[in-house]
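**Q** Here's the letter readout for the chains.
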Amino acid sequence: MNFESVLFLRPALSEIEPAEDPPFFSDLNLDQVGDVIFAGRESYNLRPFFRIALRSIDEIVYRHQVMRDLENAQVFAEVSAFAEAMRGIRESLAAAAKLYYAHERERWIVDAAARYRDGVERLLRALGEANFASQGLAAFRGYLAEYVGSAGFRALANDIVSLHEKLAAIEYAVVIDGDRLNVREPRNEGDLVVAIHETFARFRQGAAKSYLLTFHERPGMNHIEAKVLEFVAMLHPEEFAELDRFAENHATFIDPVIERFDREVQFYLACFEYARSFESAGLPMCFPTVSSSKAVSAQETFDVALARRLIEANGTIVYNDFSLDEPERVFVVSGPNQGGKTTFARTFGQLQYLAALGCRVAGRSVSTVLFDAIFTHFERQEDPSALRGKLEDDILRIHEILERATTDSIIILNEIFASTTVRDATVLARRIMDRILALDALCVCVTFIDELSTLSEKTVSMVSLVDAANPDVRTFKVVRRKADGLAYAVSLAEKYSLTYDRLRRRLNGRGHG
Amino acid sequence: MKTYLLHRDRDVDWDEAPPVNTEDLVADLGLAVLITAMAGGDKTIPPIATKVVLRRLGDVDTILYRQAVLRDCLTHPSVVRTMYELAGEAIENESRNFWGMRSRHAASILRRSTDVLRMFLGVLRKLRAIAEADGGAFESEGFARFFAMLRSELDDAYLDEVYGRLRAVEFRGGMLTTARLGRGNHGCDYVLRTFDQAQRGWFDRLFPPREPGYTYHVDPRDESGARALSELGDRGVNLVADALAQSCDHILAFFTALRSELAFYVGCINLHERLTVKGEPTCFPIPHEPNAGVHQFSGLYDACLALSMPQRVVGNDGDARGKMMIIITGANQGGKSTFLRSLGIAQMMMECGMFVAADAFRASLCNGVFTHYKREEDTEMQSGKFDEELRRMSLLAECLSPGAFVLFNESFAATNDREGSEIACQITEALVDSGVRLAFVTHLYEFAHRIWEERRPQAFFLRANRREDGQQTFKLHEEEPLRTSYGEDIYQRVFEGEAARST
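Just so you know, the protein sequences line up as chains Y and C, in that order. Residues in the first sequence are numbered from 1 upward in steps of one, following our numbering. Residues in the second sequence are numbered from 514 upward in steps of one, following our numbering.
Pulled out of the complex, with its shape left as it was, chain Y reads as follows:
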């Protein structure tokens, strides 16, 4: 059965695992998203997979199918149980490798192998009953069945059984008297504890509390324990010879394809748990429709990084809707500050990116586009030591973006040219927008320059809303609407009696006293 990867339809894709987050991660808070998704799974090193955006529909469909199959509670539980077993096995083997006494080390290896055998067989049984729609899991199951039936695996299983039976049958007696340690065969001596319980049984009034101390069994022996084991081995030479042979014959017993599956499937489990954490807080998540069409849309979507913090703080999460129809390409987002504009830009970017990982995304009905790259330009703190001024820096960064962007790229600009005059900013922004429009790339542009929203039939104006009755209350809702930046300022001024007329009257009333 031909199977290599549950994460990639064409496994060659993953040959180079990126070691660094792409630059836009921090602007879109995807770095935080990744931290949360993979928290607790650091040992699998899953972050590289988070950095590989898929570029073809069939790869994404491959993942969606696997993800849906894994969302079956029983399958999910079985795969998790297998992962748990594998973690234990790896830890055992790592610990065993450091051990000094061979008869101890070898026994840890046998026990780890037994857990491996149990885990693999149980997984096959569990998956055998499942009704898989996914190519990925069906192929893995086929591989697993072949593997379990293979001569190598059968031999391993048989050796484990034989050895366990022999070792379990061994019972030995230890006599400690002063500095003397004697190990011998037991002779059916009576149980002293049973005798004591019998003597005092007549006082028994009810269930007894236990005073047993727990002795922590960690790998590793002191020389007295090793001496006992050595004597036991001398009393039972045959059994221990078999143990030596096992360790020699089955030094590496984990199959590399299964090992790879064990790692890769964690990506799905992590993503599933992440999506479920939002659903259990009542937020909508869905499988997006990913295509090459730029008519992207989303209903009731939200910024997952922000929502995570708000759930923890019991805050209210605001949903947004957006959609582009042909020939629209650019969202121009304007409106009051702190009104959710940046959040909207991030939400848009997160959605496109996470969809390209084959994940479930925030929202009720989401369509995203395949892209070749995401470029972001977010306002940065001015670096006082930099030789270049802020404006120059902005222009240089945007230039670099436009050099590399193609018609399939996504560009997210947040408050460009805020450091210069309105006139300058308007002229510069228009130039840049012209370039982006010419590229025909998808873009979100957060700006205070209203005119940008009416540059072309490709631009769509989005405005962050305020509460009509209480203008200083932000709703954090961003809606498709004609930009009218003044309306908000005027209403707020009225509220504080700072409009022209009101302020005049107030100043007037003070007289010349």
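No lab work stands behind these hints, which were simulated from the structure alone. What you are looking at is a predicted structure, and each value in this text was computed from that prediction instead of being measured. By construction, the Cβ of each residue, glycine as well, lies at the ideal position given by its N, Cα and C atoms. Take the hints with a grain of salt, since some may be wrong.
[Claimed, not checked] What follows is a list of derived Cβ distance ranges for each label pair:
# : chain 1 : residue 1 : chain 2 : residue 2 : range
1 : Y       : ARG115    : C       : ALA620    : 30 to 38 Å
2 : C       : GLU645    : Y       : GLU217    : 46 to 54 Å
3 : Y       : ASN131    : C       : ALA530    : 47 to 55 Å
4 : C       : GLY635    : Y       : ARG115    : 49 to 57 Å
5 : Y       : ASP244    : C       : ASP732    : 40 to 48 Å
Given chain Y's structure and the hints, the job is docking chain C onto it.
**A** Positioned in the frame of chain Y, the structure of chain C alone reads:
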């Protein structure tokens, strides 16, 4: 070994939750005074006595079993007190001197367990001595069984066996354990074994046979080896320490059960002495089956009141056989509330096997004593008070079932006579028709009168009277309810007293 002095065939579950109405009962009947008198300064008695008094036994047979044990106690108070003190001593010594049972070292758990066991054995020997010396004079079934048990279970053969066990765990000839190979080939399933005694006779000790198996001597300079060997030994010590510590717990549980059960009886002895010294009568009540409709008493008085005043208190007589209601009306401060309390307390004392404060008392068992008393908080608005009364009544109704006995003290009076009477009538009639018995102290004339007119066969009427000179007698008489309640008397006395002082 079971004490079984409170029940013929079972232990008391001291952790059982108290009845839901406990708080009201204790407050309304003034039970704290009774419990304090039972305690006589002892700290163990109050919680025990409270639990026993609040838990009715529910069957005549068990009540008679306890009465018999209690009669023995009243006849031999000093023997009972001595046993109570012995049990207390054992428990105190265990907790004071042998606190370290939670040690992290198997060896110290073992040492403390053997020390405690030796101390316990000393007390057990004394108990057996009492059983032998004084046990024969006790007549009740409960004590007869108890003393017989002490004599047979703690005989010399048994005590020798116990001392033998304590010697065995000193491991004079070494410690033998067996084990199996567990994870990582570490030892597991340790079992501590007894040596084959025959093998270790004097001959073998002088000329040890060649040891089988393999032997290793830890070098005297190998400190870590010595430590490791002792840790290995701890596996076995751990098992025996656990067994002995559990044995200690069992014996401690026996002493605890003994002390708890005796605490109740010592409390009864204390109370009996207090009342007897004052010259107040007590009697063992005659319990009747729940549906027998028996309720007769003479010289019934409020034990709590008697305990809190120097002079003798007034007792009441009554024969309420076949009656579902006792309606008490009449003069204020004429002893109505006191009588109501005495009814409740006597019922409870009888139902837990105690004597009662009366010359004679016989009654049917009830399905729980409940109280509904006027609450004194006057901060509330009138309407709020009435609302509160009805809400409380509604909660109370949740707990009632046929056979229950409810004491009402001036209930439903937080409104006018007509409304209150209507409510009181409806509630009491509903209760009575459901098989609930009740006693009702009331000023609601309309209510009392309607019961007199319409339900006379079911009700027993008592009235607090004043003498011609206006002085209260505190004695109640079986009589038709009167309209006025002599509030005027009190008013006049108070106000005239004031007027007298101010002139």
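**Q** Each hint needs a verdict: does it hold in this structure or not?
**A** Against the structure, the hints come out as follows:
Against the hinted window of 30 to 38 Å, the Cβ-Cβ separation of ARG115 (chain Y) and ALA620 (chain C) comes to about 36 Å, which satisfies the hint. Evaluation of the 46 to 54 Å hint for GLU645 (chain C) and GLU217 (chain Y) yields a pass: the beta carbon distance comes to about 52 Å. The hinted range of 47 to 55 Å is satisfied by ASN131 (chain Y) and ALA530 (chain C), whose Cβ atoms lie roughly 51 Å apart. The supplied range of 49 to 57 Å is met by GLY635 (chain C) and ARG115 (chain Y), whose beta-carbon atoms lie about 54 Å from each other.
In this structure the hint that ASP244 (chain Y) and ASP732 (chain C) lie 40 to 48 Å apart at CB is violated, the actual value being about 29 Å.
Hint compliance for this structure: hint 5 alone is broken.
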